[in-house]
Amino acid sequence: MTKQYESVIGLEVHVELATRTKIFCGCSTEFGGAPNTHTCPVCTGMPGSLPVLNKKVVEYALKAGLALNCGINKYSRFDRKNYFYPDNPQNYQISQLYLPICHDGWIEIETAAGQKTVGIHEIHMEEDAGKLIHDEWQDCSLVDYNRSGVPLIEIVSEPDMRSAEEVTAYLDKLRLTMQYLGVSDCKLQEGSMRADVNLSVREAGIKTLGTRTEMKNLNSFKAIARAIEAEKARQIELLEGGKPVIQETRRWDDNKEYSYAMRSKEDAKDYRYFPDPDLVPLEIGDPWIERVKSEQPELRTEKMRRYQQVYQLSEYDASIITGSKKLADLFEATADICKMPKKAANWIIGETLKCLKEHNMEPEELILSPQHLARLIQIVDKGKVNQNIAKDVFRSMFKADIDPDDYIKEQGLGMVEDPELLTNAVAEVLGEYEKAVVQYREGKTKVIGFLIGQVMKKMQGKADPGQVGEVLKSALEN
Amino acid sequence: MIEQTALQIGQKIKQKEISVMEAVEASLMQLRKSEPKLHAYVTENDKIAERALKIQEGITMGRYDSPLAGVPVAVKDNICTKDLRTTCSSRMLADFMPVYDAQAVENLKRAGAVIIGKTNMDEFAMGSTTETSSYGVTKNPWDETRVPGGSSGGSAAAVAAGSAAYALGSDTGGSIRQPSSFCGVVGIKPTYGTVSRYGLIAYGSSLDQIGPIAKDVADCAAVLEVIASYDQKDSTSVKRDDMRFTDGLSEDVRGMKIGVPIEYLEEGLQEDVRESVVKAAAMLEQAGAVVEYFELGMTEYVIPAYYVIASAEASSNLARFDGVKYGYRAVNYEGLHGMYKKSRSEGFGAEVKRRIMLGSFVLSSGYYDAYYLKALKTKKLIKKSFNDAFEHYDLILGPTAPSTAPRLGESLECPLQMYLGDIYTAATNLAGLPAISVPCGVDKYNLPIGVQFTGDCFQEKKIIRGAYAFEKMRGTWELPFMKKEVC
Amino acid sequence: MSNRLDKEMIEHVSILAKLDLTETEQIQAGADIEQMLDYIDKLKELDTAGIEPMPHIFLVRNVFREDEVVNADASEAMLRNAPNQSDGQYQVPKTVE
Chain A
52 MTKQYESVIG LEVHVELATR TKIFCGCSTE FGGAPNTHTC PVCTGMPGSL PVLNKKVVEY
112 ALKAGLALNC GINKYSRFDR KNYFYPDNPQ NYQISQLYLP ICHDGWIEIE TAAGQKTVGI
172 HEIHMEEDAG KLIHDEWQDC SLVDYNRSGV PLIEIVSEPD MRSAEEVTAY LDKLRLTMQY
232 LGVSDCKLQE GSMRADVNLS VREAGIKTLG TRTEMKNLNS FKAIARAIEA EKARQIELLE
292 GGKPVIQETR RWDDNKEYSY AMRSKEDAKD YRYFPDPDLV PLEIGDPWIE RVKSEQPELR
352 TEKMRRYQQV YQLSEYDASI ITGSKKLADL FEATADICKM PKKAANWIIG ETLKCLKEHN
412 MEPEELILSP QHLARLIQIV DKGKVNQNIA KDVFRSMFKA DIDPDDYIKE QGLGMVEDPE
472 LLTNAVAEVL GEYEKAVVQY REGKTKVIGF LIGQVMKKMQ GKADPGQVGE VLKSALEN
Chain B
5 MIEQTALQIG QKIKQKEISV MEAVEASLMQ LRKSEPKLHA YVTENDKIAE RALKIQEGIT
65 MGRYDSPLAG VPVAVKDNIC TKDLRTTCSS RMLADFMPVY DAQAVENLKR AGAVIIGKTN
125 MDEFAMGSTT ETSSYGVTKN PWDETRVPGG SSGGSAAAVA AGSAAYALGS DTGGSIRQPS
185 SFCGVVGIKP TYGTVSRYGL IAYGSSLDQI GPIAKDVADC AAVLEVIASY DQKDSTSVKR
245 DDMRFTDGLS EDVRGMKIGV PIEYLEEGLQ EDVRESVVKA AAMLEQAGAV VEYFELGMTE
305 YVIPAYYVIA SAEASSNLAR FDGVKYGYRA VNYEGLHGMY KKSRSEGFGA EVKRRIMLGS
365 FVLSSGYYDA YYLKALKTKK LIKKSFNDAF EHYDLILGPT APSTAPRLGE SLECPLQMYL
425 GDIYTAATNL AGLPAISVPC GVDKYNLPIG VQFTGDCFQE KKIIRGAYAF EKMRGTWELP
485 FMKKEVC
Chain C
-12 MSNRLDKEMI EHVSILAKLD LTETEQIQAG ADIEQMLDYI DKLKELDTAG IEPMPHIFLV
48 RNVFREDEVV NADASEAMLR NAPNQSDGQY QVPKTVE
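Chains as they are written, first to last, in the numbering used here: chain A, 52 to 529; chain B, 5 to 491; chain C, -12 to 84.
I should point out that these hints are in silico values taken from the structure, not numbers from a laboratory.
There could be a bad hint or two in this list.
Claimed, not checked - Just some of the chain B residues that point at chain A, by a computed CB distance under 8 Å:
hint, residue
1, 103
2, 104
3, 238
4, 240
5, 341
To be verified - Listed next, the stretches of chain B that the computed footprint assigns to chain C, with coverage defined by at least 3 CB atoms under 8 Å from CB atoms of chain C:
hint, segment
6, 298 to 312
7, 321 to 331
8, 346 to 358
For every residue, glycine included, the Cβ atom is placed at its ideal position computed from N, Cα and C.
Turn these sequences into a full structure, and let the hints steer you where they fit.
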């Protein structure tokens, strides 16, 4: 008889905040940049340098905390976490242990099994470390402190998750929430969102927690799912074999699909947290919290509801469009300009998503502007181009956000306005394809499709097929 | 000219009686005479001539209106000076060239100061005798067999020897005041947060302050006025409405309530030091102050609390010295952690290592509550004892140090004994209070004794008034180099 | 009342402090810390029940800076004191992941 086990999972998610400057100094947080060009005495730990807190970081942390239903600590403080590593220029990280800014929140996730609430234990602010690159040639490591001091919030969940699916749903919801708040773009692949997984197993029905391990280096949702399955299996095997699970940090290798313990005797694992004497405590009063609350942007669920009510979108459409804040913004702005929300929705769900997929791009990378998309929709509505040509125009807009009016003019794509040109073309085609004419008059009305096609060819596509059909019909029946 | 005070020299320069170059040359000449014996400096400023000329030009053009424009200053070697080697008297920073000036130095430069050089100190400010310096000891100008005190021993010795008109020191547990006392000069530790700590290489961040060391109270007040400023780069910098410290230079102490803690005069205090301080109190009473002996309380807990907090902060502040970004990197090592350990073990001296070990221990898991948190609670009670005292008194008067300058080599034998020497000074760092040490007499070996005036937070003007008045009552004070032809 | 630091503890503390101590130095460090702790134990006499620890002297709160970029490229200055550098980066012995 095999025992039934369940895995108990908690997540520590680090989110890079999208402020302009670092948390404790006025260096730029811009991505890229040659090594060490966004550094100063503070973020490189020069002797005599001192940290000063970026107010925006606190604002963003508050927004995140409120969106995740957390309580805000009136008094919070920074503590030093002491450990030696080259990416940590002061060999201590300024973080918050004893009095973090937010506590005891929750988030709702949706899985196949239904809705579930995942608890948030706390959220705290801290500084990021620099980047280490391994130089195989010179058999050494190289340090770039551009990222040192970039502001992070760490979101620590309760161990409420039970499967990789729940973990993925949780991360998705977190990411979407952070994007909607505008506090981070949360890209797992780029490192602006990083997740460490704490996992323990226990026999089904047991209430106490087993010993947990921490897993790092999980750089994609797939890696996270694989790591969870592997670790669950590993722990079960140990327990079944009568061996204990050792509390340790393990590094996941996604290529080899296994994890190994990051044990080192040089790593005493005693961080000696104490209050940072260089920073004064934070006091966050009710007025500040109320102001942030009142400025909170609409989150996904609300937006979905509103899109269904105000724009009459279906739940399905609303769900797709609000799946990314960028898409939602594009939709809404476009709909407000052209006043045709249904059409705007179709263009987004149809061509936009299609192009994104083809180009392997994220919605955040869209350069298409709502003004131009709205214009295109209006042009099609007025009958100036037909649907096929419109799709062509759209593709160019997608690539370079060209102005559709200019483009149509330059390329001469406008539907032919002159009715005489159409009647001439129709007359020509009827002359060239006498057999088809006869067939039509004999009752094979379906052949009109072929004739429409030929007229469209003559018109170089610059005609509305519907209209062509009308003119053909009347010519054929006379 | 080197016998003049900084303000007097500044005045002469302003009135074109002497040039900046002449003032500098006089200091340098004195430096050449005294340095071979005293070794007060680690680095001399080799660009001083061009600076002197530049400042002179500026003064002539009317660009500088500070009373200290053109006056030569010595800066303690834990204060960053741009492009001028800053070592903290440690092997760890033997070749370190700061890429920026400390805010206090920037303030001085803007006022037209001319830096003579960087002065010797206890390594990373850890010590009370300047004997833990990796570059050799500094001798006391009053008696070359004795220490100048520490950790700002070089700065105090430079002023007492006349090679600088005034100096900057730093004070974490008494490091400005005690060497000032041992060298017969005046030193001030301002209220915490008054002088920016940006650019001061940190030892005990919640305790450190930069302050002036000079020949008299007026000089100190004037220097403090220049170096004090609200600095946005230092989160612990305090916005103060009134930093006109020279306004406190008054001789009138009538009605001032002065408290003398009884426990400060108990056993352990050198007899002639006690006599000298009691005499000072009597003089002040004669001049109209109300002097009372009272029980301050908490005195026996000051040193343990201080050392726990200072070493804990130091162990973290000194972690950045790892051979990666700057400073000493060992030559032979294996692997990353090997490099860390070797560089730090070879770069740091014994006292520094001792305090880092102690600090790491009191912060470590299992001991944090019993030691570090306990010390922070004690600090609160110490602060309360001063708050209570200042309800009744304008000033607290006492000896700066329990003795006069010990002989070289005596103190390092018993570190604990050396730590106890901070008994009168460390409390003011824990409570963030301002304090000034003024020479009040000499002992039977003709070694200077210092009396300390402590005030409540932000009450620099009061302590300056008490000290200035006392100074006037005490009368002229001759430094050794003023008495003899050759130092 | 005497504090005893065993060898293991001294080794642990020297790892935390990142210091290499010889056998003699370790013994000396142990003795030094023990002596200091015996003295520091004086604090145990003090009744601090109900007293909040005071990390900061003044009741100053909320010191901030604005989210404006004020620092330009200072890479040359930052690297000037580096014991070892390569391609604009600080060079260190290989870090093992």
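Hint check:
1. 103: holds (7 Å)
2. 104: For residue 104 of chain B, the interface hint holds, since the closest Cβ of chain A sits about 6 Å away, which is under 8 Å.
3. 238: holds (5 Å)
4. 240: holds (7 Å)
5. 341: The hint holds - residue 341 of chain B has a Cβ within 8 Å of chain A, the shortest such distance being about 4 Å.
6. 298 to 312: Contact hint for the segment 298 to 312 of chain B vs chain C: holds, 7 residues under 8 Å.
7. 321 to 331: holds (count 7)
8. 346 to 358: holds (count 6)
Hint violations for this structure: none, all hints satisfied.
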